[in-house]
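> We have chain A; now place chains B and C onto it with these hints.
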Amino acid sequence: MNTPFHIPEGNFRGHDRQNVWKLAPDPELTEVGPGTACGEYMRRFWMPVAMTDQIGDLPYRIRILGEDLVLFREKKEGRLGLTHLHCVHRNMSLEFGIVEEGGIRCSYHGWKYGLDGTVLETPCEPPASQVKKKTCLGAYPVIEYKGLAFAYLGPADTTPPFPVMDTFDEEGDDMLPSLIKSPCNWLQVMENAWDPFHVVYLHTLAVRSQFIDAFAEMPMIEFHEGRYGDFYTNVRRVGDIVWLRVHDHMMPSFTQNGAHFPVPDRQRYFGRCGLSRWVVPIDDTNTMVVTWRHFRDGDDPRGMTDKSKVGYGTTDFYGQGPDRSYEQRQRDPGDYDAWVSQGPKNIHARENLSFTDRGVAKVRRMLRNNIRSLAAGNPVEHPAAASSGILPTYAGDTMLRIPIQPGRDDAAVLKEISFKVADIFRASDDRSGAARKSFIQDELKKYEAGWA
Amino acid sequence: MNTPFHIPEGNFRGHDRQNVWKLAPDPELTEVGPGTACGEYMRRFWMPVAMTDQIGDLPYRIRILGEDLVLFREKKEGRLGLTHLHCVHRNMSLEFGIVEEGGIRCSYHGWKYGLDGTVLETPCEPPASQVKKKTCLGAYPVIEYKGLAFAYLGPADTTPPFPVMDTFDEEGDDMLPSLIKSPCNWLQVMENAWDPFHVVYLHTLAVRSQFIDAFAEMPMIEFHEGRYGDFYTNVRRVGDIVWLRVHDHMMPSFTQNGAHFPVPDRQRYFGRCGLSRWVVPIDDTNTMVVTWRHFRDGDDPRGMTDKSKVGYGTTDFYGQGPDRSYEQRQRDPGDYDAWVSQGPKNIHARENLSFTDRGVAKVRRMLRNNIRSLAAGNPVEHPAAASSGILPTYAGDTMLRIPIQPGRDDAAVLKEISFKVADIFRASDDRSGAARKSFIQDELKKYEAGWA
Amino acid sequence: MNTPFHIPEGNFRGHDRQNVWKLAPDPELTEVGPGTACGEYMRRFWMPVAMTDQIGDLPYRIRILGEDLVLFREKKEGRLGLTHLHCVHRNMSLEFGIVEEGGIRCSYHGWKYGLDGTVLETPCEPPASQVKKKTCLGAYPVIEYKGLAFAYLGPADTTPPFPVMDTFDEEGDDMLPSLIKSPCNWLQVMENAWDPFHVVYLHTLAVRSQFIDAFAEMPMIEFHEGRYGDFYTNVRRVGDIVWLRVHDHMMPSFTQNGAHFPVPDRQRYFGRCGLSRWVVPIDDTNTMVVTWRHFRDGDDPRGMTDKSKVGYGTTDFYGQGPDRSYEQRQRDPGDYDAWVSQGPKNIHARENLSFTDRGVAKVRRMLRNNIRSLAAGNPVEHPAAASSGILPTYAGDTMLRIPIQPGRDDAAVLKEISFKVADIFRASDDRSGAARKSFIQDELKKYEAGWA
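Protein chains in written order, with our numbering: chain A, 1 to 452; chain B, 1 to 452; chain C, 1 to 452.
This is chain A alone, in the form it adopts within the complex:
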């Protein structure tokens, strides 16, 4: 018989590898609910939990770290309250409660709670009733700042200072909040920011330049320790320009990256970050990315940003949410498609981490160490506790005119520049504001001049 079909040849190992279907996620790094080790660790930090423009005159139900909560703006001074969802009398949800001056009232029998969950009134109880002294509603402190509501869900006696970075209050920076949800575990969303190589592929070579063509060049990556967190440098040579792109990371999930649409065609000294970003677990398999998007003169020479797109569920750069058809997501996948399609919880045991994954491996190691340290009874370190004020950060783009040096291996040159620039940045830690900026810029120019 003439075979009317092609018989495939090859070393097919699908059945040999069926154990992949049995492998499970790592609970130590991915479970964030009440009482879990990672959840306890994350509860030691202030985290953004909502955009304040979503909080109107009604209670606003949210879910954070597996806890169902209600956020509201009390009517006397406009302060935000964040409490457990269910009234402690009969468990009716306070999303149906009445927001009042100084607190919230359950609509079932009228129990009223203060911002800290103290039972203020039990109007249907007899005057002599002591019930309001015997219980309280779980509540968490909230700080409202520049369009975001930050909460601290940990033990009251370890409440850290609220950390304010230098990038939160810059002159000339129009800072806009955004919040976008993803149906997957927080860790895979966070790791994306520790992975500088996906920029080359996913954002540039895979289909099209989602940001700028210059990202197609493979960067040299160096990891550095700062006083208050970690940062890494991406170095690329673009003709005579040595382009250093710096990313910040602070545990557990804060990151800052460089500009979104940089153009490495001229000198730039200590340009700053395009995004301040927190990855906040809703629960084990839902996550929100809460950001401030920064807009400064000079950050976007080609005019590719769009402030009008930044807000609840949306931002002005490609691929951050589900706002595209399945076909479009297939034809031009973005970050959202990468992290969501890793699964509800990425299974690390199935991965093959390699050279490009040093950042991912590093953050998992740091996270695991910190989780175990807390579980062993050690205090959690907070940058804001170690600092006397605003925290210096490093993220942004610096472009130095340093041509190829005849007779020297350029990779060695770029590496040397990476470490030197990191040193200059760190040397500025005790300065702040304009003085710090001038210091860094002067040092960078001096250093650049030394290569001329």
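Among the hints, a few may not be true.
Mimicking DSS-like on lysine-lysine, the simulated pairs with C-alpha atoms at most 27 Å apart in a straight line are [said to hold, decoys possible]:
#1 C:Lys-133 to A:Lys-22
#2 C:Lys-146 to C:Lys-181
#3 A:Lys-345 to C:Lys-146
#4 A:Lys-133 to B:Lys-181
#5 B:Lys-132 to C:Lys-345
#6 A:Lys-132 to A:Lys-76
A few chain A positions that, by computed beta-carbon distances, are all more than 12 Å from chain B [as the list claims (entries may be wrong)]:
#7 Glu-9
#8 Pro-27
#9 Gly-33
#10 Phe-96
#11 Lys-181
#12 His-224
#13 Asp-230
#14 Asp-265
#15 Ile-347
#16 Ala-386
#17 Asp-442
A partial selection of chain B residues facing chain C, derived with a Cβ cut-off under 7 Å [unchecked claim]:
#18 Leu-58
#19 Asn-91
#20 Asp-116
#21 Gly-117
#22 Ser-129
#23 Val-131
#24 Thr-135
#25 Gly-138
#26 Tyr-145
#27 Gly-154
#28 Ala-156
#29 Pro-344
For the record, the hints were derived by calculation from the structure and aren't laboratory data. What you are looking at is a predicted structure, and each value in this text was computed from that prediction instead of being measured. Using N, Cα and C, we set each Cβ at its ideal position, and we do this for glycine too.
Relative to the frame of chain A, chains B and C by itself:
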């Protein structure tokens, strides 16, 4: 640095109270499936399972106490049949069966079942086949009465008489059935009727008068035992009028309340209930409220009722179903929002029961005792078994003109009146119909006159 | 009191039979995921996994036997590849990958895989990286044939030959593929084809003739063993015509039935099947029916077929999918309604198998034996391995003019004819194509003539 945000102060105990997220529902009172203790107890009673106007010429699939069933009207005498959903031959669902004279036939291989589940025909089997004698389909008896189908899902040998209350067949009462589903456990829906204080808050003070302004007054509540069930009196003084509102309860889930829109501005002697109500579990986390809404001359002086709204999925008073937007439910929450938002199964261990919850505590205690009594092998008591006919009930509004008594504490007066009126009602138990009504009215008038 | 309602009488056994709610499906025959006994057995066969007209230029995500996979057509020679869904680097889904020449590339970091899952490129890794030699992607061989993609998901070293039946490449047969999904376990879909009696009831007597009136007659069924599979004969007498309808079955889930709209009013010798059909598990509770529908001159004398309806999610005969309203499904249930309404997994322990279910019982027994045989370490038998080429099958309609024989019991006559025709069919096994067809037709005519 000038802190540009407010640092919250207070005694925040959200983290201290994280154990609330671990607490679980009480299985003894909330699990109703086959073989559960509460489910067995509830299977000892006739319960309404459908509105008959929903049963057309096709099989009607329903779910009761966790059992998937099919209800149909056979075509010879129009009798209702209620059987297990799946044909016992090959398990095809009888919702796709053919309703015939005297029974239902599976469309797969034609097995036909009588109303009691007996296999009547197996047309594809050989004539000598004995299979139809070896098995049967699970079936339950059904009584059709005034627009409702009642079923008994317990053991055949303990089938109780069908209980008929005096309120089921009153002269001049236009009685309309309604059935509304709620996605939560039955107990929290039922308890709402044992809680006279939520009327003050949820229905009146919280947002607006959903019924009448007079409910804003805190009532004095007294619980009484009747011959066939429990009842309680809500007493309020409205000027010279002492307004007694009586609610009936019979285990496991039957209740009757007073008129929906009473006006306590004149005398009324033994006005009757606005609603006869059963709470029927669909399964552990779904429930239906099945009612007859009563419409009588004089019950609604302000014309606030609307017969056209009473039916499948709807009724003529506010907040009983999901027929409102989420925003409207937040702005003006009703009973449905209270019980559904307690969660799929309310977690009693999180509650703080207090003075207002005496009814809730009482019904849980009675229910638990009855469940344990049955589990211990005792027979279940049925009012209809103890009675020779129609069962007397008490629910409704009575309004007596009894002014404040100079020199006497009015609370004591109201309490005395509550008990006396309860005594008058109970004294009528051996009478029925018009004779009973005259007796009660005469006694109430005599008693009222004694205060003049 | 005059009882205003009917009190039902009968032997109601719903409560007695509450154990039916506790019975569970048979895991040995219904669980098909990786590592299960039945799943391993089914992984020893080529199965159709998609219609090729659904595979465009993008990766096509599918799920087979509980495994998430991606099917794609590489761009050099147009060959089909089938791999595990998740990239083995960081687990991004390859449904968002880039289909290229000779393979597929993950869009996250650019790892490229060949059709057999070999890692071909890791572009972000340093040149010296060995990671691509250390791992591979699970992949399965695919054969594309007449509009269907067939895959083999078992161990490479036991890959059987691709079985080609005589019905796959007939002269004058316009063969169209179809694929329809059902939300239930595969076994109940497959068993429907082993049950010749549901044709009488479901398809004919229950509501209306969904196919032809002649199916209303109860057939005589005989099971026969063929060289490569099983077949059964349905015999019915229609006047002078003895109508033999033959169905093929090959393990695990291949079947062929007779014509869909036969008219038994004249002689027909070895008419062939209307459908070649595979039941393919998506997972334990989802299944697809993949078919070739055959269209030949003479198969449809009444013109009831419609090629335009055969395709993805649809076919030209009634009741095969969810493409009808719930009311229509109730008023005129089809095969889909039968097997889906048995539940996500039919519970055999609730059934009462009887005379009509000999086929169902037989296929379960064969399946269980084969599953256990493989689990015990025995090789799986494959018809295609035992044959030197195209496999002979028997399904179709034969109509012989053999009047009732005076003095003989007609049932005995029909039974004799069934066995003789089966013998004639089997005697043709070593012939093929036109020669085989002539042989069978000549033998049938000779045999028929012997009854004149």
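> Of all the hints numbered above, which does this structure not satisfy? Sort the numbers upward.
Failing hints, ascending: 3, 4, 9, 10, 29.
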